[in-house]
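Can you make the complete structure from the sequences, with help from the hints?
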Amino acid sequence: PMTSNLMSAIELQQRLNKSLVSSSQSLGWSGVLLQQYQYPSSATVCEMDVPALSEHWLNLRLGHPAHLTQKRDGRLHESLIHRGHSIFTPAGQPSYWRGEASDTDETMLHIHLNPSLVKYILDLKVKQWRSIIRSYLSL
-8 PMTSNLMSAI
2 ELQQRLNKSL
12 VSSSQSLGWS
22 GVLLQQYQYP
32 SSATVCEMDV
42 PALSEHWLNL
52 RLGHPAHLTQ
62 KRDGRLHESL
72 IHRGHSIFTP
82 AGQPSYWRGE
92 ASDTDETMLH
102 IHLNPSLVKY
112 ILDLKVKQWR
122 SIIRSYLSL
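All letters in the sequence shown, in the order written, are residues -8 to 130 by our numbering.
It is worth saying that the hints were derived from the structure and are not from the lab. Just so you know, nobody snuck in bad clues.
Cβ-Cβ distance ranges computed for the label pairs, FRET-style:
{"#": "1", "residue 1": "Leu49", "residue 2": "Asp114", "range": "16 to 24 Å"}
{"#": "2", "residue 1": "Glu91", "residue 2": "Lys116", "range": "37 to 45 Å"}
{"#": "3", "residue 1": "His76", "residue 2": "Leu18", "range": "23 to 31 Å"}
{"#": "4", "residue 1": "Trp120", "residue 2": "Leu18", "range": "25 to 33 Å"}
{"#": "5", "residue 1": "Val36", "residue 2": "Trp120", "range": "41 to 49 Å"}
{"#": "6", "residue 1": "Asp114", "residue 2": "Tyr87", "range": "28 to 36 Å"}
{"#": "7", "residue 1": "Trp120", "residue 2": "Arg89", "range": "37 to 45 Å"}
{"#": "8", "residue 1": "Lys116", "residue 2": "Leu71", "range": "26 to 34 Å"}
{"#": "9", "residue 1": "Leu18", "residue 2": "Asp114", "range": "18 to 26 Å"}
Each computed EDC-like pair below joins lysine to aspartate or glutamate, with the alpha-carbon atoms no more than 20 Å apart:
{"#": "10", "residue 1": "Lys9", "residue 2": "Asp40"}
{"#": "11", "residue 1": "Lys9", "residue 2": "Glu91"}
{"#": "12", "residue 1": "Lys62", "residue 2": "Glu38"}
{"#": "13", "residue 1": "Lys9", "residue 2": "Glu38"}
{"#": "14", "residue 1": "Lys9", "residue 2": "Asp96"}
In this text, a Cβ means the ideal position worked out from N, Cα and C, and glycines have one as well.
As structure tokens, this is what we get:
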């Protein structure tokens, strides 16, 4: 259940304190927000606790490989993420992030998806598949 104490994508943007390179916010898209961030090189480890968000959060890596530690749902995930890898955090779930020091700037694409939009699309697809299956079974 979504409640008003969940953090929005805009509030997360303010908390990240990273350079926002581009955003779809001015395009007026309903239920979808894309934000490209530039993470500056850092000689120190970057750690952050992210409270539960009101949207599903998909992170797409656009830069060099990096070590990432993420904790969600009480489980710790450690991995080397490469360009094109994505990390999904469901709406309503807090998370913890730890990135290793890096001598290069890094770029990430954040995609925020409204849960109602995702449910609507999934419901449409289920109806389509049911129709296809019924048609196939009646042959």
